[in-house]
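Colleague: Build out the structure end to end from the sequences listed, making use of the hints.
One line per chain: the protein sequences are A and B, in this order. Residue numbers for the first sequence follow the numbering used here, so the first one is 56 and each next one is one higher. Residue numbers for the second sequence follow the numbering used here, so the first one is 56 and each next one is one higher.
Hints in this document: simulated from the structure, not taken from any laboratory. Remember, predicted model here, so these are calculated numbers, not experimental data. By construction, the Cβ of each residue, glycine as well, lies at the ideal position given by its N, Cα and C atoms. Hints may be right or wrong, so weigh each one.
Stated by the list, open to error - Example chain B residues on the side facing chain A (calculated, C-beta under 10 Å, incomplete):
#1 L62
#2 E67
#3 A84
#4 S96
#5 A113
#6 S114
#7 I123
Stated by the list, open to error - Counterexamples of contact, computed for chain A against chain B with all Cβ distances above 10 Å:
#8 L87
#9 A101
#10 R108
#11 G173
#12 K216
#13 A226
Number of protein chains: 2
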Amino acid sequence: MKKNGSLEHLAEALRRLPGIGPKSAQRMAYHLLQHDREAASGLGHALLNAVDRIHHCASCNTFTEIDICETCQDAERDDSMLCVVETPSDQMMIEQTLTFKGMYFVLMGRLSPLDGIGPKDIYLEKLIARATNGIVKEVVLATNFTNEGEATAHYISETLKARGLKVSRLARGVPVGGELEYVDAGTIARAMLDRRTT
Amino acid sequence: MKKNGSLEHLAEALRRLPGIGPKSAQRMAYHLLQHDREAASGLGHALLNAVDRIHHCASCNTFTEIDICETCQDAERDDSMLCVVETPSDQMMIEQTLTFKGMYFVLMGRLSPLDGIGPKDIYLEKLIARATNGIVKEVVLATNFTNEGEATAHYISETLKARGLKVSRLARGVPVGGELEYVDAGTIARAMLDRRTT
Ligand SMILES: [Zn+2]
Ligand SMILES: [Zn+2]
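Modeller: Structure, rendered in structure tokens:
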């Protein structure tokens, strides 16, 4: 039985989503075409639109559609404090605690030598340039408390301290092995208040 | 913190995929934009392309880009036999057993009153018209052996027998509660040979 070009392509394209196997991809394709063509079109346009418009903030490295994101442009924020997080989700979690009014830098990942993810992949040079602008006084490391997040924090800490910066780390109010995205705001708030100099 | 239009839309659109929650959708969006923009573009085009081109075969009801699908156009097949399946995946599974050389009808679902899925949603009128064309001699019901699949088979059987058709059902070589898509070809082959008149 010969296969169907567009349908086969769709299933193959869905398979490239993280965590989606061949059976799930085929079921998704059938589901969309049978029950939710509007969602399929919507997702199609959203993907092309996002790829076209989204890039990294020149200052904090998060995803944005403008050159310098709104957070970085916010004159109310304390630009002597720079909080380093792994992902935009982590930044959002910290914002929700209302305990930090400084600036951010988003690594878009964490060091993971086994996966071939090195300093370049977490934009280390961009972070160094951002942190050593003469205005930042303290860098708060808020990477996850996983092994990789801790190793990343250690690496960045050594790098920035060698340049004379004060570097602190969220206190271990966050459970060991925990990921910020899944921790309640109260715990994160306490960890922010208890942050320690590294 | 104000959100990002294109990025937010993408996460929302990914959420409409079956089985994807808000956290997964956001992670997928970040992953695609950070690590696989090519996959994101590819999926975007594949979705729009599929929605634009894929419709139901006028004869067997499966997804196709042409009016009558290639299987239905295959002159080698026995058009006195009509096998009824729930999904295109189930049809593929049966084809792999090489035990059936007749025609197909794809319901694109199963009856499920609790979910509001009735006869119209499984294209019952189209199936009746197809089965009563004067050429079909036997209808083989190959819906899943789940409760809903069995109920669907029973309903279709009664409907078609009332119109004087011979109706058979795959033998219970398929484990009770099993879904065809996950059963080995040997078991399906045996069930096809042992099919019984209902
Ligand atoms: Zn920014
Ligand atoms: Zn067909």
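Colleague: With reference to the structure, classify each hint as holding or not holding.
Modeller: To see whether the hints hold, each was checked on the structure:
| no. | hint | result |
| --- | --- | --- |
| 1 | L62 | holds (5 Å) |
| 2 | E67 | holds (8 Å) |
| 3 | A84 | holds (7 Å) |
| 4 | S96 | holds (5 Å) |
| 5 | A113 | violated (15 Å) |
| 6 | S114 | violated (15 Å) |
| 7 | I123 | violated (13 Å) |
| 8 | L87 | violated (7 Å) |
| 9 | A101 | violated (4 Å) |
| 10 | R108 | violated (5 Å) |
| 11 | G173 | holds (15 Å) |
| 12 | K216 | holds (28 Å) |
| 13 | A226 | holds (23 Å) |
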